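If you count the sequence shown from 1, you need to add 1 to reach the numbering used here.
Derived by calculation from the structure, the hints in this document are not laboratory data.
Owing to the predicted nature of the structure, the values given are computational and were not obtained by experimental measurement.
Ideal Cβ positions, reconstructed from N, Cα and C, are used throughout, including at glycine.
Treat the hints with care, since some could be wrong.
Under the rule of at most 25 Å between Cα atoms (straight-line distance), these lysine to any residue pairs were calculated in the SDA-like manner [stated by the list, open to error]: (1) 109 with 15; (2) 114 with 18; (3) 89 with 190; (4) 186 with 110; (5) 31 with 63; (6) 107 with 152; (7) 130 with 76; (8) 88 with 171; (9) 186 with 101; (10) 114 with 134; (11) 42 with 29; (12) 3 with 29.
So the derived label-pair ranges between C-beta atoms look like this [what the hints assert, rightly or not]: (13) 106 with 31: 33 to 39 Å; (14) 132 with 23: 41 to 47 Å; (15) 101 with 177: 19 to 25 Å; (16) 136 with 31: 27 to 33 Å; (17) 130 with 31: 30 to 36 Å; (18) 47 with 100: 41 to 47 Å; (19) 3 with 62: 17 to 23 Å; (20) 30 with 122: 14 to 20 Å; (21) 12 with 162: 17 to 23 Å; (22) 165 with 34: 14 to 20 Å; (23) 166 with 50: 31 to 37 Å.
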Amino acid sequence: MKFEHPALPYAANALEPVMSARTVEFHWGKHEAAYINNLNKLLEGTPMENDTLEEIVRKADGAIYNNAAQAWNHIFFFFQLSPDPKKKPEGVLAHAIEDSFGSLEKFKEEFAKAGATLFGSGWAWLSVKPDGKLVISQGSNAHNPLRDGHVPLLTADVWEHAYYLDYQNRRPDFLAGLWEIVDWKVVEKRYEDTL
2 MKFEHPALPY AANALEPVMS ARTVEFHWGK HEAAYINNLN KLLEGTPMEN
52 DTLEEIVRKA DGAIYNNAAQ AWNHIFFFFQ LSPDPKKKPE GVLAHAIEDS
102 FGSLEKFKEE FAKAGATLFG SGWAWLSVKP DGKLVISQGS NAHNPLRDGH
152 VPLLTADVWE HAYYLDYQNR RPDFLAGLWE IVDWKVVEKR YEDTL
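Take the sequences, apply the hints, and build the full model.
Structure, rendered in structure tokens:
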């Protein structure tokens, strides 16, 4: 199986001013493409070459894991964004967020803190644990909560290539801006699929 670099459902400049066309072109167009190309090369002739991307993320190690997880994480990240997003969750997800964090605003504060305080490069996540509870986590490099038995719902990429062209060293400003382009309709669907 050869993994392909999917086309985004919006133009490179569609997320401006939160995320510039230049950032999308470098981040999605170059970084993500490299992870997919590297993964395809690394998988040739291995027992995992016909596995799904999610299966590879769950069980691989080393370079295969790093490239598979980064490919998966970036698809997950970019496909939760929209130039015309639903601005807040409703229904069962809204209730779950309130139950777990007290309010949507409190959740956003805790999620941004997870992203802002991660030392070095990595990811912040909102996931569903095996017991059905929501959890915020952070992880370095290619971290993915699938490895912990969690189901990811939302992520923030806090590698410098995600924000440096637009925000330089102001990671908290990037994280604050993400709420303007996160499409809660996507996150709601991801959560409903776990029920």
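Inset, instruction - Indicate whether the distance between the beta carbons of residue 101 and residue 177 respects the range 19 to 25 Å. - result: Holds, since residue 101 and residue 177 (Cβ atoms, about 21 Å apart) stay within the stated range.
Inset, instruction - Could you grab the alpha-carbon distance between residue 88 and residue 171 and see if it respects the 25 Å cut-off? - result: Within the cut-off at roughly 23 Å; holds.
Legend entry - Consistency of beta-carbon spacing, residue 122 to residue 30, with hint 14 to 20 Å: holds, 19 Å
Inset, instruction - Given the range 31 to 37 Å, decide if the beta-carbon distance of residue 166 to residue 50 lies inside it. - result: holds, 35 Å
Inset, instruction - Using the beta carbons of residue 136 and residue 31, state whether their distance is inside 27 to 33 Å or not. - result: Given about 32 Å between the Cβ atoms, the range holds.
Legend entry - Given hint residue 15 paired with residue 109 - CA-CA distance at most 25 Å: holds, 23 Å
Inset, instruction - Would you mind confirming whether the straight-line C-alpha gap from residue 114 to residue 18 stays at or under 25 Å? - result: Since the Cα atoms of residue 114 and residue 18 sit roughly 22 Å apart, the hinted pair holds (cutoff 25 Å).
Inset, instruction - Below or equal to 25 Å on CA atoms is what counts here, so check residue 186 against residue 110. - result: holds, 20 Å
Legend entry - Proposed proximity, residue 63 with residue 31 (alpha carbon, max 25 Å): Distance ~21 Å between residue 31 and residue 63 Cα, so the pair holds.
Legend entry - Status of the given 41 to 47 Å range, CB of residue 23 versus CB of residue 132: Since residue 132 and residue 23 have Cβ atoms about 42 Å apart, the given range 41 to 47 Å holds.
Legend entry - Agreement of residue 114 and residue 134 with the hint, judged by alpha carbon distance not exceeding 25 Å: Holds: residue 114 and residue 134 sit about 19 Å apart, inside 25 Å.
Legend entry - 25 Å Cα cutoff - pair residue 89, residue 190: holds, 13 Å
Comparing the model with each numbered hint stated earlier shows that all of them hold.
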